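Residue numbers (the working numbering), protein chains in the order written: chain E, 1 to 151; chain U, 1 to 529.
These are calculated hints, taken from the structure and not from any lab test. Remember, it's a predicted structure, so these values are computed and weren't measured experimentally. Treat the hints with caution; some may be incorrect.
Stated by the list, open to error - Short, incomplete list of chain E residues facing chain U, as computed with Cβ under 7 Å:
1) 50
2) 53
3) 59
4) 61
5) 64
6) 90
7) 92
8) 95
9) 111
10) 120
11) 121
12) 125
13) 127
14) 135
The beta carbon of each residue, even a glycine, is placed where N, CA and C say it ideally should be.
Here is how the chains run, residue by residue.
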Amino acid sequence: MAIERKIFTELDNRVFVPGEEISGRVEWSGGDSSVDPNKQVSAEVRLFFYTSGKGSRDVEIVATHRMEGIGESGESEFRMKIPEASPPSFSGQLVSLEWALEFQIETSGETERCEITVSPTGQEISLYKYDDGNLPKYTDFAIGGKKGQWK
Amino acid sequence: MYFVLSEFADEAATYQWTETLCEIRSVNIEANQKKEKSPFRLNIEYGYIVDGKNYTSTQYTLKEHWSGDFEPLALKRKALLNAADGTVCFVNPKNPAEAVVKREALSKGLIALFPLVFVVVGLALAIGGFASLRKTKAAKKNERLGSISNAAKDRGGRVVLLIMGVIFTLVGGGLSVFLGLVPLTRMMESKQWVETPCEVIWSRVISHRGDDSTTYSIDIFYKYDFDGAEHRSNRYGFMTGSSSGRKGKQDVVRQYRKGSKKVCFVNPKISEQATLVRGFTPWVLLGLIPLVFFGAGIAMLIGWRRSGKKKAVRGISEPDSINEMRGPKTLKPGGGRIAGVLVVLFMALFWNGIVSVFLVQVFDGFKRDRPEWFLTIFMIPFVIVGLIFILFFLYKLLSLANARPEITLDQGQPRLGEETWLSWKIIGNARRISRFKIEVWGIESATYRRGTKTVTDKKVFFQRTLADSVDGGDIASGRAQFQLPEDLVPSMNLGSNDIIWQIKVNGDIPFFPDVQDSYKIEVLPVGFS
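Using the sequences and the hints given, assemble the complete structure.
Shown next as structure tokens:
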């Protein structure tokens, strides 16, 4: 029987600011029939951010809540703090950064993910908010070109 | 490898032999023209006493050595004859009739380890391949399981990068020194050597047959008088080794026929050192090719070091200290003008050095009224690229003469949403600048693999002009206030993806390369304390 996993954060809050504490709970039920029911199983809730877009994915786990010796069904509360020096959620044309919580039970390895937003402004930041259509093109080298213009 | 190790074991045994004082009776260098590749041998006769009994030996080293170079043997002969306190030899305690004057350096046993380099490289590639395969499998598994965070735990491949980096650095650096820098240094020193008449004893082209092809080298043996003594040498120039192209070498050998009187150049400090050709030849630049491997090795080591850096939370720059954040900071331009010039100079020398080798052949062909048209046409695009490198170098060189802007931020690490003052001062002649502009840019950077190459794309997401002046007084120095919006992102270094903030300075100079500098700044997030 498949394990059902759920993650809940308090007050269904999905938006946080750096330095804020995330509290919530996870629930799971069902079991893996191939696993010895007496075996002690572990699970983790991870707080992390990752990039998406053109570049290779960067992933960084910033906090982990570990649960040892859990049974086939149960629930657990967790509290994790988002570090103050945390990159905010943002979206650009080459790079986007997103935050998420993942709940993973050791035996099956399957994961439940819950996307959250971490931002001092309360919203995901758009990099090109101030694009007036005249942004220069980036180049490493500069030779010649129109005077007064970045080459 | 077995034979090398076996030989090494025999040599190592001589380090157990007894050190004994011996009397050198004669030392001479035998020259046997019939032995093509190694015609010279040091012949020695010496006597020693063990347990009251006299012994005579003619063994210099354990294994008989014939050499292709006369000069090292002449120097050894000189050292043996001039040994003021007598010469020490090493006698086999189990068989006193067996003795040697010189024991091979144990470091030569490291030659046996040379094949191990290939084994290590092969292992490293295999480990890298397995790590890559494991990473791909793990990534597929994570995709199936729906996990993204699992990828953060998988940081394989660093060991491979370290091993490859060390090997490339050591081998590339070592080869550059021995094949490039050492001959180059000696070429420069030989300019002080004394022009001396010499007589050719023999001259010939020697063939070196390889698996796929045959290469050739010049062998000219000559004698000369210097400092009241007769000397001999077979050095033609300072580039050793053999190469393809028999004809060119045959032409040289024809100019040095047996018995002909020629001019050689003798080292006035060491009369055993002489050469027929001195000074710089472009061929020596080929010896600098291993610098590419050295550079690749350094890049790998830098990449290894950077990939291991961990911050408390990777990404946001943290203020170095409260004082640094609050205090003024003078910015340094990124890249460095002199470094830029040197990089372009190196590229120009490297490229044109290699191209010149083939150009010499082209010119030789025209000189002999036998032009090589295919080679001539083939070389045209390479010559054009070489000329572009030279012009780019001259452009960079001119820009060194430009005035240098000095930029100071009142808040060394400005914070989003906070007012910051920037001041500038032009060091040098600001009057040549007709227009002066300072901007702040926000740049997103993404690095990814495209096939076998690693590519980095950058895009400007934010730009604001801080100063734009055509007035001389305002150009030479000034201040500007700016405030970065708090609903943008601070500087970030995430690994493959970065957010970079830069101050860009441009000074238009009519009919001259412009002043163009960029200064990386660390922007802190909102409300960071």
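Consistency of the hints with the structure:
Annotation: residue 50 (chain E) was flagged as interfacial toward chain U, and the flag holds, the nearest CB pair being 5 Å apart, inside 7 Å. Because the beta carbon of residue 53 (chain E) sits about 6 Å from the nearest beta carbon in chain U, less than 7 Å, this interface hint is met. Hint status for residue 59 (chain E): holds, given a least beta-carbon distance of 4 Å to chain U, under 7 Å. For residue 61 (chain E), the interface hint holds, since its Cβ comes within 7 Å of a Cβ in chain U; the closest pair sits about 5 Å apart.
At about 9 Å, the closest approach between the beta carbon of residue 64 (chain E) and any beta carbon in chain U exceeds 7 Å, and the interface hint on this residue is violated. A distance limit of 7 Å between C-beta atoms decides the matter here; for residue 90 (chain E) the minimum to chain U is near 5 Å, and the interface restraint holds. Taking 7 Å as the C-beta contact cut-off toward chain U, the hint placing residue 92 (chain E) at the interface holds, the least distance being around 4 Å. Given hint, residue 95 (chain E) at the interface with chain U, holds; its Cβ is 4 Å from that chain's nearest Cβ, closer than 7 Å.
Because the smallest distance between the Cβ of residue 111 (chain E) and any Cβ of chain U comes to about 4 Å, under 7 Å, the interface hint for this residue holds. With a least beta-carbon distance of about 4 Å to chain U, the hint placing residue 120 (chain E) at the interface is held under the 7 Å criterion. Nearest Cβ of chain U to the Cβ of residue 121 (chain E): about 5 Å, under the 7 Å cut. The hint holds. The closest approach between the C-beta of residue 125 (chain E) and any C-beta of chain U is roughly 6 Å, which is under the 7 Å cut-off, so the hint is satisfied.
Nearest Cβ of chain U to the Cβ of residue 127 (chain E): about 4 Å, under the 7 Å cut. The hint holds. The interface hint given for residue 135 (chain E) is met, as the beta carbon of that residue sits about 5 Å from the closest beta carbon of chain U, less than 7 Å.
Against the hints set out earlier in the document, a violation occurs for number 5 only.
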